[in-house]
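Participant: Could you use the hints to bring the two separately framed chains together as a complex?
Read off the chains here:
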Amino acid sequence: MHMADALISPTVGMAMWGATAGIAGYSLKKLNIEADEKKLPLMGVLGAFVFAAQMINFAIPGTGSSGHLGGGLLLAVLLGPYAAFLTLSVVLFIQALFFADGGLLAFGCNVLNLGFYTCFIAYPLYKQLIRRTNIWFASIIAAVVGLQLGAFSVVVQTLLSGKVELPFTTFTLFMQPIHLAIGIVEGIATATVISFVTKTKPELSPTIEAPMNRLIGTLGLLALIIGGIFSSIASSKPDGLEWSIFHTIGTDELHATTAIHHAFERLQQSLALLPDYNLKSGGASIGWLDIGTSISGIIGAFIVAVAIMAPYIIKKWRREA
Amino acid sequence: MIYPHMLNIVQRRNIHPLSTLIITFTYIFVVASFHSYAFIEMIPLSLYPIAMIIFCRLSIRHIKHVLIASLPFATVIGVSQLLFIDEHILFFHWYIEARWMAFSTFVLKNTLAILAATVLFLTTPIEQLAGALLSLRIPRFLVIQLLLTHRYIFLFLEEAKRLREAYMLRAPRHRAIKLSVWGSLVGHLLLRTFDRAERVYEAMTLRGFSIQHMHIKIKRWTTEEMIYTYVTVILFIVYRLVVI
Numbered sequence: 001m002h003m004a005d006a007l008i009s010p011t012v013g014m015a016m017w018g019a020t021a022g023i024a025g026y027s028l029k030k031l032n033i034e035a036d037e038k039k040l041p042l043m044g045v046l047g048a049f050v051f052a053a054q055m056i057n058f059a060i061p062g063t064g065s066s067g068h069l070g071g072g073l074l075l076a077v078l079l080g081p082y083a084a085f086l087t088l089s090v091v092l093f094i095q096a097l098f099f100a101d102g103g104l105l106a107f108g109c110n111v112l113n114l115g116f117y118t119c120f121i122a123y124p125l126y127k128q129l130i131r132r133t134n135i136w137f138a139s140i141i142a143a144v145v146g147l148q149l150g151a152f153s154v155v156v157q158t159l160l161s162g163k164v165e166l167p168f169t170t171f172t173l174f175m176q177p178i179h180l181a182i183g184i185v186e187g188i189a190t191a192t193v194i195s196f197v198t199k200t201k202p203e204l205s206p207t208i209e210a211p212m213n214r215l216i217g218t219l220g221l222l223a224l225i226i227g228g229i230f231s232s233i234a235s236s237k238p239d240g241l242e243w244s245i246f247h248t249i250g251t252d253e254l255h256a257t258t259a260i261h262h263a264f265e266r267l268q269q270s271l272a273l274l275p276d277y278n279l280k281s282g283g284a285s286i287g288w289l290d291i292g293t294s295i296s297g298i299i300g301a302f303i304v305a306v307a308i309m310a311p312y313i314i315k316k317w318r319r320e321a
Numbered sequence: 001m002i003y004p005h006m007l008n009i010v011q012r013r014n015i016h017p018l019s020t021l022i023i024t025f026t027y028i029f030v031v032a033s034f035h036s037y038a039f040i041e042m043i044p045l046s047l048y049p050i051a052m053i054i055f056c057r058l059s060i061r062h063i064k065h066v067l068i069a070s071l072p073f074a075t076v077i078g079v080s081q082l083l084f085i086d087e088h089i090l091f092f093h094w095y096i097e098a099r100w101m102a103f104s105t106f107v108l109k110n111t112l113a114i115l116a117a118t119v120l121f122l123t124t125p126i127e128q129l130a131g132a133l134l135s136l137r138i139p140r141f142l143v144i145q146l147l148l149t150h151r152y153i154f155l156f157l158e159e160a161k162r163l164r165e166a167y168m169l170r171a172p173r174h175r176a177i178k179l180s181v182w183g184s185l186v187g188h189l190l191l192r193t194f195d196r197a198e199r200v201y202e203a204m205t206l207r208g209f210s211i212q213h214m215h216i217k218i219k220r221w222t223t224e225e226m227i228y229t230y231v232t233v234i235l236f237i238v239y240r241l242v243v244i
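Here the protein sequences line up with chains V and E, keeping their order.
Here the first sequence is numbered in UniProt numbering, starting from 1 and rising by one per residue.
Here the second sequence is numbered in UniProt numbering, starting from 1 and rising by one per residue.
Bound-form chain E, shown alone (with noise of 0.2 Å):
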């Protein structure tokens, strides 16, 4: 009966950020919280991430790219339990070496955490994270914070790639930037922050901004969505509890 529900939450890509963001905690704590060697005991909480990309029809492409920038990091500590590991261990009737075991563990953990922040990400508009950050009773100067950064970072990150490129047309031979040019080049992009923050404070000052009326939309939680958060939750501990 809660199932039909639950599914219809989830298919309206509608999720209460509350609920997304409890859930995803409490899935990278139960992933984390599993032992070295603990590949096939993880296997199943693939699921919710595989479920969610299904149901919420995310987005394939940007989860790769994600992925694969991951990947050098879950190479290096993965090879380093290679190197390290030097036993062997019962797998069902056989004894295998440890080191795999362990290393497969690990790429499988990492993918799976990171798998839970990208749906976390994905189906989690900022403007409702941050509203369930306030419900959390986070500080709402470090909510406004994470909102003014995350509205400046992809404006940035487009005049750090214009100025990088304007560099590169100039001198195709070079591979990176000489460092005096550098300094002068990031000291300029300093010096259009520090202008662009007094017009911003300017603008806020002119539409009667402060830190206590800022707007930020808490979303109401539905007793629909606190159970299907609850079920979930309490899915994932006892699956915890019970292989142990």
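Bound conformation, chain V alone (with noise of 0.2 Å):
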């Protein structure tokens, strides 16, 4: 699943890392190595202990093909969500300069596609579930999550960067079911090693980290989820202003008449990111699911998330300052 330069847009791909600086800071911040140094050693030795994982196949029963461990969710576990996501960003890192897996411009989406989902979603999933169930229901649904999110985010970020023509459905319907079965794969075998450390050193049986507040991850789950789904099916029909000014007038917006009018609406036009909720270069579509819309529900969603807490965070750092 790593993407290589030539895949993304450098608008693309600079967003990402953007967005890669600021959780891997997050991260530094939350883990406080000061306090642990201990786990600067560890953290070094598991990025590598996981590269060299991958070199070790396994036979998948019944199918005579081979797979091998990811290692995101086992690293998510054994150290912890904020250790884990740096480890592998150096780990990806490594493996874009020294191997040509995946591009040093795309190491940022790369970042987000095997580390955030699997580190900050599939892991306190993991936790969730592991509570409820056994180690191997718990890896397997978090491992197929975080892949499958991972999977999506690779579509997305390739079809906004528009550089190769794959269809977005076509392209959807490949990703999504090959990374369902290594997803399947991925979990056993994270269940596998698990299940081996806890019987035989249980002293080293990972302690559970909580990675955010439940809170507001729940909600921005749920924010994306309206975002992305319901507002393509939300969007084609008029709200109710507009559906008052269409019984009254007969068109459901109000045009401007004066010149000033013009100008703004000009002006605002250029300026809009999402005019009338859609992306400017318009979008495919999957039945009723109305991509473009759906990637707007998503962008806004985040636009007003970032509005809401920017106060908060603009107070928090004026206070530690």
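Warning: the hint list may mix true and false statements.
Which residues of chain V face chain E? A partial, calculated answer using Cβ under 10 Å [what the hints assert, rightly or not]:
id	residue
1	A48
2	A52
3	M55
4	G67
5	T87
6	F93
7	D101
8	T133
9	T170
10	F171
11	K201
12	P202
Per label pair, the in silico range of CB-to-CB distance [claimed, not checked]:
id	chain 1	residue 1	chain 2	residue 2	range
13	E	L47	V	K30	42 to 48 Å
14	V	Q128	E	A166	36 to 42 Å
15	E	I68	V	G162	25 to 31 Å
None of these hints come from the bench; they were simulated from the model.
Glycine residues also receive a C-beta, built at the ideal position from the N, C-alpha and C atoms.
Facilitator: Below is the structure:
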């Protein structure tokens, strides 16, 4: 799932670098390595372990093919989400630089697709499931969720970059089922190693660490689902005001008449990132799901979240300063 | 007047890591920014990696291995271009099938990006790269992580190879390791990893290690190297702005 530089545009690449830098900064702060210096060599050596473990293939029963450990979920379970995210970032950087596996410009995309979803979404899910079920079920479900989100993210980043002519539907239908199978294999491999360690050296059994405020996480996920899927249905119908105007004057939007109105309308259209809740270049659709509107919904939810959080973050920074 | 100096820097194979890092990123940025049919426009850009390979006498064998490893990915995505594009474009005076142009452009773009990253890797030792990252204000902790992981990756790869060979010698008919055995093999490797991490930590503590005081050498950026970097970066950017 490592993306190459040829797949992405510089804009998407740099945006993902920015996002990765933000999450890495946050993880560094939460990790507080000065207080737990022992983790430093452990992270380095475990990063190398994941690399080596990927070399050892195992036979997938009944298929005649083989698979290997991805390692993201295992790292999150062993080290906690923040340390695992940083370790994975370093491993991916080494892979890009020394083994040409994933591009340097696409590094941010790869860290998000393989690290963020695994450490900050799949791992909290694992943590919840392990309390109610067993290691096997929790690992498989968490690995599948992490990889499905990562694979979808690859599709969205490729689509937004517009560098290849892969149709959204075909690419998604190709990526998601393959990564479902890979996710199941990854879950089984992770559970095998964790249960071995738990049985052999119970003192090394991983401690569960809370990665983020549960409420914020749940609300964020809900906002993404609503923004991504339901906006597609909702935006095709007029809202209450548009409906009223339509029944009053026969059109759903009031149009400008004066020169000032026209000037501001042109300015607004040129500045709007998502005019009429859609991407400027338009987009593909699968059945009732309009991709442009869905992506706009997700971006919109993100912008709103940032706008709401900004005063709190600024206030916190000032207090700390 | 500047050219002989720049040639001297490159030929000494002693390019400042920060220069190589900045040039590589700009180069990849410029390559990635070209549109899907910009095959001809991108050909002059291949001069940079080719010149570096020749002047720095880089290992062709290593470059060949890296390019071959990237071939399956380039082929899969490139072939998808062939399947999904159905139009003709004007190429000089002829109308040609756009799909072949898109395929060639994708393969060239992928090759150039990989070559640039490989040139960075082959001309810059990891310790110097760490120094360059530090001078770019990358947190010291992450740079130490990079050095530690890089240090142990090759040791662990050797160990993994030995484990796999040992299994294959005992079970010659198996194409891959049985899952039940695999769990125990990788589990043991993980336990040894924990032990090794403990030993590394103790060794570091005994030698008075601390994150803030770990010495990573940052090379001085000379005027010649600075000019070389700026000239190369400006050349790439100007080329991109001229060839749209």
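Participant: Taking each numbered hint in turn, which are not upheld by the structure, reported in ascending numerical order?
Facilitator: Hint check: 8, 12 fail, others pass.
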